[in-house]
Amino acid sequence: MNKLRTGAFHTGMVLLSLLWLGPVLWVVVMSTRSFDDIAAHGVGSLPQSFTLDTYRQAWTDGGELRALINSMLVTVPSVALSLGLAAMAAFALSRFRIPGRRTILLLMLAGNLLPPQILLIPVAKFSELTGLYDTLWALIAVQVGFGLGFYTFVLHGFMRDLPGEIQEAATIDGAGTAQIFTRVMLPLTRPALAALGALSFTWIFNDLLWAITVLRTDDNMPVTPALLALQGQFVSSWNVIAAGTVIAAVPTVAVFLRFQRHFVSGLALGAVK
Amino acid sequence: MTATISTTSVTPTRRRRRSARLSPLLVAFVLVPFAVESVWVFWPAIQGFWFSLTRWDGMTPPTFVGTDNYVELAGDATFRGALVNTVIWLVLFGGLSVLGGFGMALVLQKERRFVGFYRAALFTPVVFSLVVTALVWRVFYQPDGIADTLLRAVGLEQLIRPWLADPQTALYAVILPALWRQIGYVMVLFLAGLKAIDPALHEAARMDGANAWQRLRHVTIPQLKGVNAVVLSVIVIDSLRSFDIVWSLTKGGPYHSSELLSTYMYSTAFQSLRLGYASAIAVVIFVLALAVILGYLVRAFREEAS
Numbered sequence: 001m002n003k004l005r006t007g008a009f010h011t012g013m014v015l016l017s018l019l020w021l022g023p024v025l026w027v028v029v030m031s032t033r034s035f036d037d038i039a040a041h042g043v044g045s046l047p048q049s050f051t052l053d054t055y056r057q058a059w060t061d062g063g064e065l066r067a068l069i070n071s072m073l074v075t076v077p078s079v080a081l082s083l084g085l086a087a088m089a090a091f092a093l094s095r096f097r098i099p100g101r102r103t104i105l106l107l108m109l110a111g112n113l114l115p116p117q118i119l120l121i122p123v124a125k126f127s128e129l130t131g132l133y134d135t136l137w138a139l140i141a142v143q144v145g146f147g148l149g150f151y152t153f154v155l156h157g158f159m160r161d162l163p164g165e166i167q168e169a170a171t172i173d174g175a176g177t178a179q180i181f182t183r184v185m186l187p188l189t190r191p192a193l194a195a196l197g198a199l200s201f202t203w204i205f206n207d208l209l210w211a212i213t214v215l216r217t218d219d220n221m222p223v224t225p226a227l228l229a230l231q232g233q234f235v236s237s238w239n240v241i242a243a244g245t246v247i248a249a250v251p252t253v254a255v256f257l258r259f260q261r262h263f264v265s266g267l268a269l270g271a272v273k
Numbered sequence: 001m002t003a004t005i006s007t008t009s010v011t012p013t014r015r016r017r018r019s020a021r022l023s024p025l026l027v028a029f030v031l032v033p034f035a036v037e038s039v040w041v042f043w044p045a046i047q048g049f050w051f052s053l054t055r056w057d058g059m060t061p062p063t064f065v066g067t068d069n070y071v072e073l074a075g076d077a078t079f080r081g082a083l084v085n086t087v088i089w090l091v092l093f094g095g096l097s098v099l100g101g102f103g104m105a106l107v108l109q110k111e112r113r114f115v116g117f118y119r120a121a122l123f124t125p126v127v128f129s130l131v132v133t134a135l136v137w138r139v140f141y142q143p144d145g146i147a148d149t150l151l152r153a154v155g156l157e158q159l160i161r162p163w164l165a166d167p168q169t170a171l172y173a174v175i176l177p178a179l180w181r182q183i184g185y186v187m188v189l190f191l192a193g194l195k196a197i198d199p200a201l202h203e204a205a206r207m208d209g210a211n212a213w214q215r216l217r218h219v220t221i222p223q224l225k226g227v228n229a230v231v232l233s234v235i236v237i238d239s240l241r242s243f244d245i246v247w248s249l250t251k252g253g254p255y256h257s258s259e260l261l262s263t264y265m266y267s268t269a270f271q272s273l274r275l276g277y278a279s280a281i282a283v284v285i286f287v288l289a290l291a292v293i294l295g296y297l298v299r300a301f302r303e304e305a306s
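Heads up: the sequence lines are chains A and B, in that order.
As numbered in the UniProt record's numbering, residues 1 to 273 make up the first sequence, in order.
As numbered in the UniProt record's numbering, residues 1 to 306 make up the second sequence, in order.
Source of the hints: derived by calculation from the structure; they are not laboratory data.
It is possible that some hints are incorrect.
To be verified - Pairwise CB distance ranges, derived in the manner of DEER restraints: (1) A:69 x B:22: 39 to 47 Å; (2) A:100 x B:271: 41 to 49 Å; (3) B:303 x A:72: 29 to 37 Å; (4) A:9 x B:143: 34 to 42 Å; (5) B:167 x A:72: 38 to 46 Å; (6) B:291 x A:21: 35 to 43 Å; (7) B:58 x A:166: 48 to 56 Å; (8) A:21 x B:87: 30 to 38 Å; (9) A:99 x B:254: 54 to 62 Å; (10) B:72 x A:176: 54 to 62 Å; (11) B:207 x A:6: 21 to 29 Å; (12) A:257 x B:143: 29 to 37 Å; (13) B:225 x A:48: 49 to 57 Å; (14) B:172 x A:72: 35 to 43 Å.
Here a beta-carbon is modelled for each residue, glycine too, at the ideal position from N, C-alpha and C.
Next comes chain A alone, as it looks inside the complex (with noise of 0.2 Å):
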C-alpha cells in the first residue's frame, strides 16, 4: 500500500514536472530548428534538423546583442543605486530615534504598493520634461523611485534585529556614524542584501511595463520589449524568436541558478514574519 502511494507520488509529480519544464524545453528544442523544418512540418513536430544560425539571427539582426546591454545598463546600476539607497534609509530609520521614523518607513513602503498605472503617465511627462525621455537614465530613475520602499522595508526589519550592542562597542570605539554605517552595518546585512539583490535583478531586468513607458526608439530597449520587437521582425521565424527567448531568458535563469538559496529566501523574506 505504502509502496503504491509512494509511485503515484512520482509518476504524478514527474507528469506535473513534465508539465512546467516540457514547454521551456520545447523552446529550446524549436530554437536549433531550421525554417524549412518547421516550415514544413509545424511548431509541433519533433525535430527533424539542427542548426545554431538561428541564435546568430536573433543575436546580430534582431538586435538582441543591443539589447542586452541596454538591460545590463540599466539593471546593473538600478540594483547598486537602490539597494545602496535603501540601506542607507533602512539603517538610519531602525537604529536611530529619528522623529517620524515609523511614518517615513510606511509611507515609502505604501509607495511601493501603489499599481504603477495610476504613475504611468506623469512619470513619462516628468522624463520629457527633464529631457531624460527616451534615455536608459529615465528608466533607471524610475526603477530606483518605484523599488526604493519595499527594499527599504525588508532591509530595515532586518537590521531592527540585529543586537544594539556591537553598534555600541563601536561607537565606544570611536566609530562615527558612516563608519558604523559601511564597517559594521553593511556586512552584517549582507544575506538580506544578497537576497534582494538576486530578486531586484530579476524584477528590473524582467520588466516591461516602464521599459515601454519611457523608451521610444528600438535602440534604446532592454532585452523584454526588445523580445516583443523580435517578434514582429520574424513574424514567422519561430526558430528565431525561439533563440531569441532563450538569450533573453539566459541571464535571469544564471543569477537565479547563482544566487539560488537568496532567491528563495529572498521570496519568503516577506511571507514567514
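Start from chain A and add chain B according to the hints.
Then chain B, alone, in the frame of chain A:
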C-alpha cells in the same frame, strides 16, 4: 498617538542614548532616498489624480473638466468589459494560483527523494519574464502547435480553434500561462510558511486522534495566518497590476475580449493619447487596490510596533 507607541516599543537592548543628536549625515541618509521616491512616486501619484480631472492630449496643456471622465467611464462598454475581465482575472488567476500553490506546497513539504527536483521544476518559470513566458506559450497555442497536436493525438480535433484569436477563449488562454508562472511562486511562499510551523503541534494533534484533514484544517491553516495574509495581498496587487502577459499575447484583443483595466489604461494613454481619461482608469485601479494596500500597511505597522 505615534509618540506613545514609539516610547513603549523601545526595548532596553535597543535603547539609544538620547544625547546623540541627529547628525547631518543621518538626515541625509533618510532624506535622499525619500526625495528620490518623492520625485518618481509620490509627486507623480498626486499628479495622476489631478490629471484624471482633466482632458489632455499630451501636446496642449490639460483643461480641467471636473468629473467628466468618470461620468464617461460609467457609460463606456469597453471599460465595463475590462472591469469584468479584471474581476475574472482576480478570481481565476488569483484563486487558482493560491489553491495550486498551497496544494503543491502541501504535497512537496516533506523532504523525500526527488522532492528538490520537483520543487525546482515548478519554480523554474518564476525566473522568466512574463514576455518570455508569453512567447513560450505562443508556441503552444500556435495553429498546429503543441495544443493542437495534443488534441489531435487524443481525437479531440473538433475542439481546435485559434486560441488567442477567438474572443471566446482569448482571456482564458492568457490566464493559463500566467498561472503556470505564478503557482511556483506561491508554492515557495507557502513552503517557507509550512517550514516555520512547530512540528510538535502536529504531533500533539495526531496523539489526540486528529486525522490528516483535521490537522490541515485546525493546525496548518490557522498556523499559516501570517503567510495567508501576505499571499492574499501579493495576489490581489499582482492581479490588478497584471499587464505584461496580456500585452505580449493579445494586447487586450480580439475586440477587447481579453482587455484588463491595466491594458485598457495603457492603450488609452499611449495609443489613443487620451491622457486624462486614462488617468481616470488608473484611479479606478488604485481604488480597487486601496483596501488591500491599507490592510498590508496596517499589518506592517503592527509588526513595527511590536
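For each hint, the structure was consulted:
1. A:69 x B:22: 39 to 47 Å: Distance hint for residue 69 (chain A), residue 22 (chain B) holds at roughly 43 Å.
2. A:100 x B:271: 41 to 49 Å: Since the Cβ atoms of residue 100 (chain A) and residue 271 (chain B) sit about 42 Å apart, the hinted range of 41 to 49 Å holds.
3. B:303 x A:72: 29 to 37 Å: holds (36 Å)
4. A:9 x B:143: 34 to 42 Å: holds (37 Å)
5. B:167 x A:72: 38 to 46 Å: holds (40 Å)
6. B:291 x A:21: 35 to 43 Å: The hint (35 to 43 Å, Cβ to Cβ) holds, given that residue 291 (chain B) and residue 21 (chain A) are roughly 38 Å apart.
7. B:58 x A:166: 48 to 56 Å: holds (53 Å)
8. A:21 x B:87: 30 to 38 Å: holds (32 Å)
9. A:99 x B:254: 54 to 62 Å: Cβ of residue 99 (chain A) to Cβ of residue 254 (chain B): about 56 Å, so the range 54 to 62 Å holds.
10. B:72 x A:176: 54 to 62 Å: holds (59 Å)
11. B:207 x A:6: 21 to 29 Å: holds (25 Å)
12. A:257 x B:143: 29 to 37 Å: Distance hint for residue 257 (chain A), residue 143 (chain B) holds at roughly 35 Å.
13. B:225 x A:48: 49 to 57 Å: holds (55 Å)
14. B:172 x A:72: 35 to 43 Å: holds (36 Å)
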